[in-house]
Every structure is written in structure tokens, then in C-alpha cells.
Amino acid sequence: MTAYISLMIAIPLIGAILAFLTKTRQQARAVALVSSGISLLISIIMLSRFDSSLAGIQLDEIHSWIPSLGITLSFGVDGIGMPLVLLSCIVIPLTVIFAWGETKEPNKFYGLILLELVGVLGVFTSLDFFVFYIFWEIVLIPMYFLISIWGGPRKDYAAIKFFIYTHIASLVMLLAIFALYFNAWQITRTPDFNMFHLLKNYSLLDGWLITNVISIKDAIFIGLLFGFIVKMPAVPFHTWLPDAHVEAPTAGSVILAALLLKMGGYGLFRVILPLLPFSDSPGKMITLMAIIGVLSILYGTFLALAQRDLKKMVAYSSISHMGYVTLGAAALVPLSVSGAMFQQFSHGLITCVLFMSCGVIQHSAGTRIIGDLGGIAKYMPKLTFVMLAGFLASLGLPGMSGFIAELLVLLNSYANLPTFVILALFGIVFTAGYHLWAMQRAVFGTFNEKLGHIHDGANYEIASMAVLVLLIIFFGLYPNPVLNMMTTTATPLVRDAAGLVGVIV
Amino acid sequence: MSYVLLAPEILLTVLALAVILIGLLVSDKSKNILGYISAAGLAASLILTIAKTGEGSFFYNAIVVDPLSQIFKIIFLVVSLIAVIASIHYFKDNRNQDEYYTLILLATVGMMVVASANDLLALFVGFELASMSTYVLAGFEKKNPASLEAALKYFIIGSLSSALMLFGMSLVYGVSGSTNISEILTYFKTAQVSGLDILAMVFLVAGFGFKMALVPFHMWAPDTYEGSPTVVSSLLAAGSKKMGFVAAFRVLVLAMVAVRADIQIVFAILAVITMTYGNVVAISQKSIKRMLAYSSIAQAGYISLAFVVMTQMSIAGGVLLALGHAFMKGGAFIAVAVVGYMVLSDNKNTKNTDDISNFAGLGKRAPITALSLFVFFLALAGIPPSAGFIGKFVLFYSVTIQAVSTASTWLLVIVIIAILNSALSIYYYARVIRYMYVLPPVGEKIHEPLPYVIAMLLAVIGTIGIGLYPEPVINMAMNAASVLGV
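Note that the protein sequences, when read in sequence, are chains A and B.
Each residue of the first sequence is one higher than the one before, starting from 1 at the first, in our numbering.
Each residue of the second sequence is one higher than the one before, starting from 1001 at the first, in our numbering.
Everything labelled a hint here was simulated from the structure, so no lab data went into it.
Please read these numbers as outputs of a predicted model, since none were measured by experiment.
Heads up, a few of these hints could be off.
[To be verified] Straight-line Cα separation of at most 20 angstroms, DMTMM-like style, residue types lysine to aspartate or glutamate; simulated pairs:
#  : chain 1 : residue 1 : chain 2 : residue 2
1  : B       : Lys-1364  : B       : Asp-1346
2  : B       : Lys-1364  : A       : Glu-105
3  : B       : Lys-1143  : B       : Asp-1223
4  : B       : Lys-1142  : B       : Asp-1098
5  : A       : Lys-104   : B       : Glu-1444
6  : B       : Lys-1351  : B       : Glu-1141
7  : B       : Lys-1445  : A       : Glu-105
8  : A       : Lys-200   : A       : Asp-60
9  : B       : Lys-1364  : A       : Asp-156
10 : B       : Lys-1364  : A       : Glu-102
11 : B       : Lys-1153  : B       : Glu-1141
12 : B       : Lys-1142  : B       : Glu-1099
13 : B       : Lys-1351  : B       : Asp-1223
14 : A       : Lys-23    : B       : Glu-1444
[What the hints assert, rightly or not] Residues of chain B clear of chain A, computed beta-carbon distances all greater than 12 angstroms:
#  : residue
15 : Ile-1022
16 : Ser-1030
17 : Ser-1057
18 : Val-1136
19 : Ser-1178
20 : Pro-1216
21 : Ile-1263
22 : Val-1453
23 : Ile-1454
Glycine included, each C-beta is placed from N, C-alpha and C at the ideal position.
Start from the sequences and build out the full structure, keeping to the hints where you can.
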């Protein structure tokens, strides 16, 4: 048994407490950088120990916690969790570097960022459904404060909307988790919250509680699905996201888009796909997910096209990109599923660059309204360079990670969901459109004199963005380090569902 | 028969008498020392209670020492200890301190007697000792009209409930021919259910219901908790209220085996109404003490779920939630006392010191208090890892298990109502948290008095400690529940 994961989670937790106690900005940010850096180091060691040719859980550890309720602290990673652990450990230190100049209550600011790292790492590694839920909820609280203390003018509204929306979704999910738990209890008569144990027993569920409207199995399935897609977020449950992003500070937006949204996608792979073949109406559920996926892609794209605020545009582009994850998962082809997982990883890196660009522009020019900007490339050459790279990656330029992910999803989903893929393809044109159009209006062209004197981003800001761009290109050219393990895990995941292809509408 | 098992009670009784005696001998100025003496005595008594192993029964089986009595004694001692430590500052330089500490110690002894009572008479005497002392404590700020109103209301309603209880007891005695709970149980196991049994039950449920502040017997609680000195509110809400529960556990669970089904329905309705009413009304409160009062009503509603299914696990869940509530609610009232101190040091003539507006920016003005209150609120809302969560979880878990095993839809509906209530309660706690951390402060940072800080930290350690390492406490509660043999 190894202890990498508990160490990786414990260190930022200790770091967060230390950061809260620090008196000066210098101490707080140093604590944040060091502790998140150690987590990054541990995640790299984990990656080197991880065997990509094995599909099961690796590097697992179990600690006893509440035996009488069957709750254990059990952690482990497989091809679903490992890339996201790596992503979290890359994004948080870079966010800390990007936000190196934070002056408002820095001790709390960096402490909350570290708490976010604790939360997402816990979600991506917990194998106990109960502990999973605790971490799932832990993530909410620091984000609420990040928005409501460091946010923009309408921060109160945005923070509470974010909290209520995602909390209600979590509660619905909790009810479904309890239903799974008590189902397993009824079968085995022992309390056990182990995730795989609960998922396995779902197929044996014979509903003693039958309603006329919906079978209990489908109700549990939809409850879990609801919890995850609100977090992703998918249309029509996306309305909290633009508000939260517009009001959140840049670091908050980065964490929200790069890590918190990925929790929803993680849930799809970890929980929804294993349950899908055993629900009472799998065909309908697949259709439902495919519709949600395509709707998110198209609706997100068109909304992004219509935005005047650069950051809001990026927020809607996230919704659109996360639509590929749902679509790829619903297609149930090994490569479409691993493509969807890779889309999560890739979007996590790309969206950071986009939100950081918005933050730098806001800080320098004092506005993010696309129409009020213009020609800032002249005064912000460094920013323009990394921002352009980020935008090109986001629209799916070959050679960058986004291209591989979306190509895998679209190519492989076609086998099972041809109609939906053709619909999704329309989105690609407009995706390229809004990215280039926004760049053209905001960054290039003639300089808008009303902006006055503007300066380029600070070195630490540009540096963290540059690192992300390099990673995007690296994984675009050589995705195997993470893609292999995703494919290995995805293959057995969809094996049970192979017989379902015929029933898809 | 070894009376060593009763050492905690004996110690506190002697100490209470000693405190009033010392109060007569020393000057007004040196009366501050009485608080430290009382706190030390309570701590010693708590240690004795925890360390002591063994069971026994005393005085012709009227007083028993068993796991159930022990865990409730721990609850009462913890709450009194927290309240007394905080009182060291709250009643500093008050010349009636000797009476105050004597009363609080006697109230604790009364509660402990209730926890141990195995005879209806001992039970009643314990109730009265605790109630009489707390009537006076509630009105201890005798120049404050709100405090007097609180005391008077508490006294009248308390007397009424005692009368109801006593009448119920006398009916039980009349039917069964004994005041000893074990003998009453033997009688009820064999006897036919008569109309008189049901009547006795109604009076007992009403009597205990007043003490537990279940809706519709709750109306004294908000006014009393709001008007009493805040440290006394802490004792009332977190401690003396639990007397009703331990008495109900012993009397109702044991003796009413005969009329089991009816009692379950009664408590199901009471529990659902109580938790829903408490949570809904708490939302609109401006006074934090009132909000906490309604939240304790809601918590009493959750605890009453234990009576609905009456399994070993559900009673353990009720005991756990009662224990958690002692830490959370006790601590929360102390935090409100700190805010009161803070507001009064800004402006001596402030009327409503616990108004929510005074909590604005508390995170900056009194960081330790704000953080403690943050912990208590999240725990009260049932967010893990906290004592509040463990209690709620075991309780809801036991009811669901019962629902699943007996395929009973109405039990499941009750659990879902309870979970929704729990979700609803987050709203009003989060509102205060928003005031504390998001809104700008309205005054300078204050120096938080040490006694308050110690009291709150004790409560925080209890709240989080049970949440992080619940296994021993769960086992303790399961043992306590096994005493009832359900």
C-alpha cells in the first residue's frame, strides 16, 4: 500500500491552514506555491509509477474511518482519475503564480485556493462514495468565498446563485447515493460505502418502491446524472456559470473552469457509464445524454458568438466544449470515451489561458467589453502571443491538444450517434468564427485611443500562461502519456454497454 | 454497594454548597474566583464520569448508573462547563456571583439525577431541582425587562409542564401500582391496554414535550432563550432541554411497549411538524438568539425521530445528535455572547445586541469567534465532518434501514422530509456566515476575552473531534441504547 494520494491531499490542506495564519502577502503566497508545488511533485511521481496498460485502480490505499457505517478513507486512481489529478496539480501552482500580485486579504485568498486543490483532488481520487461526496461539497465553500469576497460588482448575486444551483444538484445526487447505499445494504446486509460495491449492486436493484411515473432505477440514474451535468454545466442547467465567471476573480474563474467543471465530467465516467447498461431504459438515457451534449455544443457556441464581454464569451465557450465530453461519453465507443476524457484534460489547460488573458486585459485596459477594446496588440505583444495561442487551441487548431480531443470524439461517436455528430459539426464552424472574430475586434485592428495608456501583462502572469501553452502544444503533438491510460480504462468501461448500440434512437 | 459511582454528583453538590458559603466569607471583589472553582469542579466531575467504569443501582433501584445515564451526564457536564467558563467573563465583577454559580451547579446536579433516574419520583425531583435553578438563572439580569419576561414565561410554562408530567406519572402509578420504571415495564408487558394507560401517555408526552420544546409545546423556548443572559441560554438550549429526551428515552421507550404503534405515529407527527416549523420560522429571524432557539426546536424534531422507529440504532442516533447539539449549540450561544460584549463595548446603550446586523464583518472584528461560529453553524446544518453530521447521519440511516427492512413508504417519506429540512436550514446559517465574512465590518477589531475563547475552543474541539473520529462515540451511544433493550 502506498500513501501518495493521502499525502498529496494532506499537504495542501496543511498549507491552507498555514496560509490562513500568515500575516504578510509574501508568506501567504510562498506557502501556497510550495505546498501546491509539492502536490505537483507527488502527482508526477504517481504518474511515473502508474502503469498505463492496466485498467483497474492503482496506487490505492485504504484507511479505516467509521467502520460501523461502512465508511473508509479509500483512495486510488485509474485512467479516469490520474490525468485529472495531474491537471489539478498543474493548474493550481500556475494559478498561484498568475495571482502572485494579489493584495486584498492575501492570506485568505491563497488559503482558499489551496482548499480548492484539496477538494478537487479528493473528488478525483476517492473510492468511497461518502468521502467522494464530502470532497464534492468541500469544493463549493471556498469558491463561494472567492466569488463573494474578491468578485466584481454583482458578486453577491453570482456567489449565491452558484452556491444554491450546485448545492441543490449535489443534494439530489446525495439522495441517489443513499438510494444506492441502502440498495446494497438490502442485498448484502452490511454497511459499505465503497463506490464500486454500490455501483455493482445497482444491477440487482429490485424496486420495493415502485411509482407509476418512473422506475426507481431510472430515478436513481437521473438523480446522479443531474448532479453531474449541473456541475459540467450542460444546457439547460448552465445559467449559473456565466454569472459566476463574470463576477469571479481571475484565479477563481480559472479554477472554476479548469477543475470544478471537470468534476461533472469525472462523475459521468466514474459513475454514470458503469450504471448506464443496467438502468431500465438505457436507450432513452443515451439519447438524453446525446441531446444534452449536442445542445450544449451548439447553444454554447451561438451564445458565445453573441457576447459583448470577452470573459462571458469564454464562459460560454466552456459550456460548448464540455458538450463534447457528454457527447463522447454517450457514444459508448472506447475511443470516443477516451476522447471525451482527453477533452476534459485538454480543456482544463486551454481554458486557463483564455481566462487568464481576460484577467490581464481587464487589469490593464480596465474593460473586457470587446467593442471597447481594439488594437491592444500594439501595447501588449507578449499577452497577444500567448492569448492567440490559447484561442487557436480553443478553436481546435491541429497540433494542439484541443484538436485531438474533439477529433477523437467526433470521429468515433459517428459510429453510434451519427445524427448527433452531424449536428455537432455545425458548431465547429461557428466555434472558429467567434474565436477569430473576438480576437480581431479586441486585440488586432486599430488601437482604440479611449483606452489611454495600457501596459503588457506582468512577467509572472505571462510566464504561467506560457507554461500552459507549452503543455497544450506538447499534449497536442504527443498525447500518449495521458491518452493511453484513458483508452485502457475506457475499453472495459463500455464493454458492458456494447450490446446497447442497437437500441439507440 | 459502592457509592463511588455517584462521586460526580456528590462532588458537585458539595461544591455548590461550598460556593455559596465561600461567597458569604469573601469580599465582593474576590468573588471572581468562584467561577474558576466551579469550572474546576465541573471539569473534575466530567473526568470522573468519563473515567468511571461499572454499573450499579442505588437507593432501592431509584437511581441507576448505566451507559445511557453516563452519556447524558457527559452532555450535561460539558454544557455546564462551557457555560461556566464563559460566565467567568460574562458575570465578572457581579456581586451575586456566588448565587449564580451555586444555582448553575445545582441545576447540573438536577439534570444528572434525571439522567440516572429509574424511578418516577427520582425523575420528578431531578426535574424540579434543575427547573427551579434555571428559572432563577433565566431571570438573573434582574434589571433587564427581557430577562424577567424570559424567566416568568419559563417559570409559568415550566410549572404547567411539571404539573402535566406529575399527573401522567400519578396515573401510571395508579394503573401499575409502582413508581419504579423497571416494575412498570414488567406490568405493561403483561397487562391489557386500557384507556387510562393512553391518558397517562398523553400527559407524559405533553409534559416531556414541553421540556423538549417540541411543537406545539415550544412557545416558551424562543422568548426564554432570547431574553435570558446569553450564557444561561446556552445552558438551557444545549443542556436542560436534553433532560426531556433522556426522560422520554427511559420512560416512554421502556414503559410503553404495550402501546407501541400509537406512540410511533404521535412522535412521527410531532417530529415532522417540529423540524419543519423550527426551520421555516428560523429563516425570518433577525435576532440570532431567536434564530438559534428555533434551530434548537428543529434539532429537537430530528432527535424525536428516534422515538419513531425505536430501534437500538435510532436511539443511538438520537443520543449522538443530542451530544453533538450540546457542543454546537452551547458554543454558538457563547459566540453570540462575545458579539454582545463587542457591541456593548462599542456603545453601552445598544438594545438588541444579537441583531444580525451586528454580525457584519465579524470575521475581521473577532476572528476566533467568527471562525468558531462558522464551525458551529456548518455543524448544525449537518455538514461533515462534524458531530452534527454524525448524529444526523446515524439517525436518518437508522430510520431508512427500518423503512427498507419493513418496506414502509411512510417512514421513507419522513426521512426525505428530514433531509429536505436539513437542506433548508443551510439557508439561514449561510446568511449569518455571509454577514460575518462578506459584509464590511462596522467597527474596530476587538480583543476577545480569554474565558470566552476557551469555552468556544472546547466546543469546537468537541464538534470537530466527534466528526473526525466518531467510532468510539458511536459505540458509546450504541451501548447506551442497548440499555433500553429495544
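Against the structure, the hints come out as follows:
1. B:Lys-1364 to B:Asp-1346: 15 angstroms, holds
2. B:Lys-1364 to A:Glu-105: 11 angstroms, holds
3. B:Lys-1143 to B:Asp-1223: Judged against 20 angstroms, a Cα distance of about 17 angstroms means the pair holds.
4. B:Lys-1142 to B:Asp-1098: 16 angstroms, holds
5. A:Lys-104 to B:Glu-1444: 18 angstroms, holds
6. B:Lys-1351 to B:Glu-1141: 14 angstroms, holds
7. B:Lys-1445 to A:Glu-105: 15 angstroms, holds
8. A:Lys-200 to A:Asp-60: Holds, because 19 angstroms separates the two Cα atoms, which is no more than 20 angstroms.
9. B:Lys-1364 to A:Asp-156: Distance of about 19 angstroms is within 20 angstroms: holds.
10. B:Lys-1364 to A:Glu-102: Holds - the C-alpha atoms of A:Glu-102 and B:Lys-1364 are around 19 angstroms apart, at most 20 angstroms.
11. B:Lys-1153 to B:Glu-1141: Distance of about 15 angstroms is within 20 angstroms: holds.
12. B:Lys-1142 to B:Glu-1099: Judged against 20 angstroms, a Cα distance of about 13 angstroms means the pair holds.
13. B:Lys-1351 to B:Asp-1223: 16 angstroms, holds
14. A:Lys-23 to B:Glu-1444: Between A:Lys-23 and B:Glu-1444 the Cα gap is close to 18 angstroms, so the pair holds against 20 angstroms.
15. Ile-1022: For B:Ile-1022, whose nearest Cβ neighbour in chain A is about 41 angstroms away, the distance exceeds 12 angstroms, so it holds.
16. Ser-1030: 38 angstroms, holds
17. Ser-1057: 29 angstroms, holds
18. Val-1136: The claim stands: B:Val-1136 keeps its Cβ more than 12 angstroms from every Cβ of chain A (closest is about 42 angstroms).
19. Ser-1178: Per Cβ check, B:Ser-1178 is outside 12 angstroms of chain A; nearest 37 angstroms; holds.
20. Pro-1216: 29 angstroms, holds
21. Ile-1263: Correct as stated: the minimum Cβ-Cβ distance to chain A is 25 angstroms, above 12 angstroms.
22. Val-1453: Its Cβ never comes within 12 angstroms of chain A, the nearest being 16 angstroms, so this holds.
23. Ile-1454: Correct as stated: the minimum Cβ-Cβ distance to chain A is 19 angstroms, above 12 angstroms.
Violated hints: none; the structure is consistent with every hint.
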